[in-house]
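Engineer: Could you build the full structure based on these sequences and the hints that come with them?
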Amino acid sequence: MTAPAEPAVSMQGITKQFPGVVANDHVDFEAAVGEVHALLGENGAGKTTLSHVLTGLYHPDEGRIFLYGGRVEFASPRDAIDAGVCMVHQHFRLVDRFTVAENLVLGDRRGEGRHFHINPGAVESQVRELGERYRLPVDPSAHVWQLSVGEQQRVEILSALYREARVLILDEPTSVLTPDEADTLFVTLRQIASEGRTVIFISHKLHEVMAVSDRVTVLRAGRALATVATAEATPHSLAALMVGRDIEVVSRPARASSESPAVLEVEDVWADGDRGTPAVRGVSLTVRAGEVVAVAGVAGNGKRELAEAIAGLRPCTKGSVRVDGEMVKNGDARAAFETGIGYVPEDRIGTGLSPRLSIAMNLALRSFRDSSRGPLLRLRLLRANAEEAIRAFDIKASGPDMETDYLSGGNLQKVVIAREFSEKMKVLVAAAPTRGLDVAAVETVHRYLLEAAESGTGVLLLSEDLDEILALSDRIVVMYEGRLSEVENRDSIEEIGLRMAGGEPDSSPIGS
Amino acid sequence: MNNSLLVVLIASGVAYGTPLLYAALGELLAERSGVLNLGVEGMMLVGAVMGFWTVERLHTNTAIALAAAVLVAAVMGALMASIHAFLVITLRASQIVSGLALTIFAGAAGLSSYLGNDLNLADQPAVHTFKAVFPASMQRWPVIGPIVFGQNVLVYISWVCVVAIWLYLSRTRPGLNVRSVGESPAAADTMGINVTAYRYAHTVAGGAFAGVAGGTITLAITPQWVAGITGGAGWIAIALVIFAFWRPELCLVGAYFFGALQALAPQLQARNISLGPTVLWTNALPYVMTIVVLVVVSSGTARSRLGAPAALGNAYVREER
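Line order of the protein sequences matches chains A and B.
Residues 33 to 544, numbered by my numbering, are exactly what the first sequence covers, in order.
Residues 7 to 327, numbered by my numbering, are exactly what the second sequence covers, in order.
Be aware that a few hints might be false.
[Unchecked claim] Cβ-to-Cβ under 10 Å is the rule here; a few derived chain A residues that face chain B:
(1) D111
(2) N135
(3) H147
[What the hints assert, rightly or not] Beta-carbon label-pair distances, calculated as ranges:
(4) E105/A / T66/B: 53 to 61 Å
(5) L257/A / T202/B: 21 to 29 Å
(6) A138/B / S180/A: 55 to 63 Å
(7) F400/A / L97/B: 32 to 40 Å
[Said to hold, decoys possible] These stretches of chain B come out as covered by chain A in the derived footprint (C-beta under 8 Å, 3 or more residues):
(8) 165-179
(9) 183-191
(10) 196-208
Note that these hints are calculated values from the structure, not bench results.
Nothing here was measured: the structure is a model prediction, and the numbers come from that model.
Where a beta carbon is used, it is the ideal one built from N, C-alpha and C, also for glycine.
Structural biologist: What follows is the structure in structure tokens.
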């Protein structure tokens, strides 16, 4: 195939500012026809912003966009879709209560959806055919809410193909997939690109970028640093570009802790998810003092619900949680904290903190009763405590009265950790504690988790990040469809991946 | 046979249920687009008074006067709803607060009473009223005579509306679009559907339906005007939408059920059957309904189990950092 004269996408000098942040600073980006082009960078490097500019969700402050040599200006995502630019968002843009077919017909102006009287059933055979051709099997008459997260992603990709997208952008598509599913996705993406379309693959994971892309553009702090052919790059050279310095990998020495006493005993716990159907189905697990136990698993398999059930935020419909042998009152967050459970929630801004309150108030949320005199709060004491925490946990803030709203993600997480690290803490439940943080903040959070373990706390780490799990944990369990299975060989990514997809190492391979 | 309690109850249930049906259909349109309008009662009251005013003041033949009255009622309801739409869609005010404010503003102690009294409409018989369409001989047919052929034209139009709205929502492109706007405005926006336009259109259309509902009361059911004439029918209509799981065909069933309930007390009285405090029950019904509605719409789990549009009550802001 000879390379066409014009690149499929050419973005020149794109600048996009948000209050206080330059998300894109004169970024130049080019993707050719028929290639998989990776956009690599840390969280906050500007990858998503750049893609939102390309798909018409944001208007760039400066810069020009060309598609196949022609200048375009997108006022809305609709304009971009009409020009053949489709995006698979990190948070899917699907209507849960619609069927797959209805979602495809929605907003479609070329096919079935152009009629006034529509019949979504008419596209079902077309959807099946597309699904077979691109290895994206999905039942077109199923409702989206019935589908797994991986299947929903397939619907998003099918939707783009149905709309005859020429440029397909995927934002961190593998974060919701098992390693096997990710490999299948890569085959699909290669196939889409080989048909003369362009795939832009956004990721911060080096091995994925190496596996799937033809070329890589590295973004750092809003600037495009370089575009290199993947064949000529190494993971090491890309990492150096992406981070700008060497990363110190925090990891703990393996040590046996089977002697130490169990601090957290979860026995046959069942809990309902937000839809009212069981999300945690008979989970039993033990965490010993000084041990880090990691729960791996794809989003939507009950990790969040399990963490909430242990922390008392979600009532257990069955089963018990014990800390140091003492039964924790079911569904009572205060009792859970009092018995020694510290909790770093997945959603640090909504659940973890109250963004409009000051740092001092947020730090005192767990201990108002200890820092009040009668009905009155001892504000001076709260402020002094906060100043101490700001120093001890190195929180970058103007002072204890600063609203947490103004803190960066890493500093927000430090406030949560500072609050949960009390003298009472015997168990720390940390759900996705480093999601969305920059590398330096990730290091800090990891250090605190390991420090907690060293001081005898049992740490339960629930995470989707396998690298994090491998670096920190003593034991790994995998959660799949509400149930746990223990990983026998802690260092085997293959086994973890297999269990994340619901398989067993002993059983025959999936799909045979 | 046509005088048996059951036939009379169903026949008057259809008649009394028609304003409820119009109001519920209007509320359903707004809610399917994600806009909760608790101002139905207020919009009905304004529709009722202005519809009545039109027939009283317009000196022309009956058909034209009545058509004009229904039109005026619809326009008044739509105007009221557009206030709500502007507040909650453009200014993103709380839908519950805005709707309640609308009902209080237009309510029995507010705009509608002021208009009625200022225009001297109280204690006057209606000059023109809606009457049964079919000849008396057909109305004497057993059972279906009073129930099907004993109704006025507004009843038959409401049946057309039920079928039309059902087809619109389930079979047409704009219907699919409005459902997506009510379920997931972010998805709809990404697919190029104008969330704001769809919400405005359906809220305002819903207001027009509520206006007609009010007009139905003063022009067909109690051919006169008194302050607060709707007597809480707007609240029942909002509750109906929930009990009908946001489906137009079930709104019809529910509306006639509540209509029959309304007719029950006078019918029993006429037959010298005493059920004691039944009257109290029917009188308290709107208020009980109101409480039920507010509880249901403010409880997330109850809503999603009943099948409420997922984005009901939420303003849509396009994702910006």
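Engineer: Run every hint past the structure and note whether it holds.
Structural biologist: Quick rundown of the hints versus the structure:
Interface hint at D111/A: satisfied, since its Cβ lies 8 Å from the closest Cβ of chain B, which is below the 10 Å cut-off. Because the beta carbon of N135/A sits about 8 Å from the nearest beta carbon in chain B, less than 10 Å, this interface hint is met. Checking H147/A against chain B: minimum C-beta separation of about 7 Å stays under 10 Å; hint holds. The beta-carbon spacing between E105/A and T66/B, approximately 55 Å, falls within the hinted interval of 53 to 61 Å.
Distance hint check for L257/A and T202/B: the Cβ-Cβ separation is about 40 Å, which falls outside the suggested range of 21 to 29 Å. Taken as a hint, the range 55 to 63 Å holds for the pair A138/B and S180/A, whose Cβ atoms sit roughly 57 Å apart. The supplied range of 32 to 40 Å is met by F400/A and L97/B, whose beta-carbon atoms lie about 36 Å from each other. Chain A is given as covering the stretch 165-179 of chain B, and this holds because 3 residues of the stretch bring a CB closer than 8 Å to a CB of that chain, at least three being needed.
For the stretch 183-191 of chain B, the stated coverage by chain A is satisfied: 5 residues place a CB nearer than 8 Å to a CB of that chain, which reaches the threshold of 3. Coverage of the stretch 196-208 of chain B by chain A holds. Counting CB-CB distances below 8 Å, 4 residues qualify, and the rule asks for three or more.
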